[in-house]
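K.L.:
Generate coordinates for the entire structure from the input sequences, incorporating the hints supplied.
Protein sequences, first through last, are from chains E and L. Its first residue numbered 18, the first sequence is counted upward by one per residue in the working numbering. Its first residue numbered 92, the second sequence is counted upward by one per residue in the working numbering.
Quick caveat, the hints were computed from the structure, so don't treat them as lab data.
With a straight-line cut-off of 27 angstroms between C-alpha atoms, the simulated BS3-like cross-links for lysine-lysine are:
1. Lys217(L) <-> Lys261(L)
2. Lys337(L) <-> Lys34(E)
3. Lys148(E) <-> Lys130(L)
4. Lys286(L) <-> Lys312(E)
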Amino acid sequence: MTDSRIEGWGRTAVQGKELQPDNLEQTPPVLFRGLGRSYGDSSLPPSANPVVVNTTRANRMLAFDGSTGLLRAEAGLSLLDLNRTLLPRGWFVPVTPGTQFVTLGGAVAADVHGKNHHVDGCFGAHVRRLKMRVADGRVLECGPDLERELFLATVGGMGLTGQILEVEFPMVRIPTPWIWQESERVSDIDEYVEKLKEAAPKWPMTVGWIDCLTPGKHMGRGILMKGRWAHSHEAPSRFPSEPPNVAFPIEAPEWLLNPLSIRAFNFAFYWKHLPRTMSGIVSPFSFFWPLDFVKGWNRMYGRRGFTQYQCVLPNEAGPGAARRFLDVLTRRGGASFLCVIKDCGPESAALLSFPRPGISVALDIAIRNDTQALVDELNEHVLKEGGRIYLAKDTFTRPEHFHAMEPRLPRFLEVREKWDPQHRFRSAQSVRLFGDAP
Amino acid sequence: MKRVAVLGATRGMGRALARRFAERGDFVAVLGRGDDEVKRSVADLEARGVPGTRVVGVPCDLEQPESFKPALEAAEQRLDGLDTVVVTAGAFATQEQLERDPALAAKVLTVDFANTVLFCEEARKKLLMRGGGTLCAFSSVAGDRGRSPVVMYGAAKAGLSAYLEGLDHKYRREGLVTVCVKPGFVRTGMTDGLKTPPFAGEPEDVAQVVLEAIDAGTPVVYAPPVWRAVMTAIKAMPRFVMRRVKF
Numbered sequence: 018m019t020d021s022r023i024e025g026w027g028r029t030a031v032q033g034k035e036l037q038p039d040n041l042e043q044t045p046p047v048l049f050r051g052l053g054r055s056y057g058d059s060s061l062p063p064s065a066n067p068v069v070v071n072t073t074r075a076n077r078m079l080a081f082d083g084s085t086g087l088l089r090a091e092a093g094l095s096l097l098d099l100n101r102t103l104l105p106r107g108w109f110v111p112v113t114p115g116t117q118f119v120t121l122g123g124a125v126a127a128d129v130h131g132k133n134h135h136v137d138g139c140f141g142a143h144v145r146r147l148k149m150r151v152a153d154g155r156v157l158e159c160g161p162d163l164e165r166e167l168f169l170a171t172v173g174g175m176g177l178t179g180q181i182l183e184v185e186f187p188m189v190r191i192p193t194p195w196i197w198q199e200s201e202r203v204s205d206i207d208e209y210v211e212k213l214k215e216a217a218p219k220w221p222m223t224v225g226w227i228d229c230l231t232p233g234k235h236m237g238r239g240i241l242m243k244g245r246w247a248h249s250h251e252a253p254s255r256f257p258s259e260p261p262n263v264a265f266p267i268e269a270p271e272w273l274l275n276p277l278s279i280r281a282f283n284f285a286f287y288w289k290h291l292p293r294t295m296s297g298i299v300s301p302f303s304f305f306w307p308l309d310f311v312k313g314w315n316r317m318y319g320r321r322g323f324t325q326y327q328c329v330l331p332n333e334a335g336p337g338a339a340r341r342f343l344d345v346l347t348r349r350g351g352a353s354f355l356c357v358i359k360d361c362g363p364e365s366a367a368l369l370s371f372p373r374p375g376i377s378v379a380l381d382i383a384i385r386n387d388t389q390a391l392v393d394e395l396n397e398h399v400l401k402e403g404g405r406i407y408l409a410k411d412t413f414t415r416p417e418h419f420h421a422m423e424p425r426l427p428r429f430l431e432v433r434e435k436w437d438p439q440h441r442f443r444s445a446q447s448v449r450l451f452g453d454a455p
Numbered sequence: 092m093k094r095v096a097v098l099g100a101t102r103g104m105g106r107a108l109a110r111r112f113a114e115r116g117d118f119v120a121v122l123g124r125g126d127d128e129v130k131r132s133v134a135d136l137e138a139r140g141v142p143g144t145r146v147v148g149v150p151c152d153l154e155q156p157e158s159f160k161p162a163l164e165a166a167e168q169r170l171d172g173l174d175t176v177v178v179t180a181g182a183f184a185t186q187e188q189l190e191r192d193p194a195l196a197a198k199v200l201t202v203d204f205a206n207t208v209l210f211c212e213e214a215r216k217k218l219l220m221r222g223g224g225t226l227c228a229f230s231s232v233a234g235d236r237g238r239s240p241v242v243m244y245g246a247a248k249a250g251l252s253a254y255l256e257g258l259d260h261k262y263r264r265e266g267l268v269t270v271c272v273k274p275g276f277v278r279t280g281m282t283d284g285l286k287t288p289p290f291a292g293e294p295e296d297v298a299q300v301v302l303e304a305i306d307a308g309t310p311v312v313y314a315p316p317v318w319r320a321v322m323t324a325i326k327a328m329p330r331f332v333m334r335r336v337k338f
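P.N.:
Rendered as structure tokens:
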């Protein structure tokens, strides 16, 4: 089998072998990878042994209890597949990230969060059992009450503690498959953060987009979206149709995304929302996964790709933390096509889970010659504020910055050391950040 | 509602097709090898199928012809009838591997031709005894013309396609509908590691096309459908061109 290009979603890549077996019974002891939606190098194999197992063909449901919603499935099952099967029957995943192109194994490994984080926490908080194959070849079960240490290191552990074979968690009953959404145009970042906090106790799902290019008084103006599942008397009786797929047609030239075009997009996005507030029924597809219908939208960023910078600024950083972050960004001329801001709820017990109480900021940054310097500067700022970054998005963070942001890291590494002393399960990211041998 | 036995339902195109059957309420017998694999696929179809769908697992191995008859009988009995039999299972190896290893060549030729025909013969007898039904077998575009990357595999599939056509001519008036599926390159575990050519398809796309063909009784179906045009072009090429090109 010849080597091929293995890419992260931000298009950073290595040459290697990506095995894709029908089941996970016999796989070499190397990193597992799902649908490859982590932006950076977390799902890429290390350079010296560039082999990774793609789990997406292991996508069988193994048990579904139609009364409690408890589901057990192979780790390669995608949320897309799951939603297509169970959403029409009135069941939804307890937590969904901004894309359906995520496997259950990936959702556990990155401990993904969604618009309901302030209420329901991360995906891992709902997991009852994981079936894993660990470095010595043993297959075992773990959960919040069984091999708890391994479980807490595996949730959010980026696949570094072992291979996740099966995942068990309860699906959630929903009244209808439609969303009641209220959106609001907000004129600057401070007001935005305030409104986000106000909405938290009233709405089970919140998220928003801001314009991070306009400096000064209107810095961080944006659209705040709040939602809940619609009741049957307000929702259409039909099932929402999936939007038609379009493919991003070409690998875009680098000049397509420039400060001017990004500014124009942000301007249009803001003023499209002409009334101050809007409300109504929307489809779950546009509410949860607005970009999913554009296949390969990452090609918009051209050959060099992009990185997503996502950090959480903790409540302890005090008021104005989001504004200070945007100040650093705009001073640096960092232009992001999309800037997503969301408040996070309590921190999970999982050792490397990303969210903690505070404000999460996510930026898409096209890779240019100065991207490393930009990320360094943002990281230094986040470090000063006591925040941290999200491994599932990261390509550029330096190990010293990550170590300083993560007082929990030694504990994680200790547990990992116990289960995989030879670091068989390592990624390009763990080589970069944790000092694993390449 | 159909009562379907699918040999090969544990993986690839068979898995995708079996899901389509269960999702619309057909009864499905999963025929395959490996107890655990069969059990997992049965569980998958039960979870995905509309409530009330019956799914059963029956051991059957395309490498063991003596398993064919008992498997079909068990499927018929446990589904309270049988009107459709599908075989998606098969073996694959590259031409280089087959040239190097005569034992492997014997296995692939036997499984893909002789044993598949023997399985279809058992299915034919069973369906005709019940008054008719549909027999759907997965051949391949590789059987449409002798080509250098699939000399032996293509020959086995050409034999299978010819058998299925003959079966159709002989028995359709007695109620046996034969559907010969010719998948092009489809991304499955079978083709894992091969270089992906243009027009490659996904098992889910193939499943939809095959489901429609089974419902309509289409004798020959290419999947994804674009492969009909591709193969028409390849079949039209003169020999001196075929000798030069790599496909």
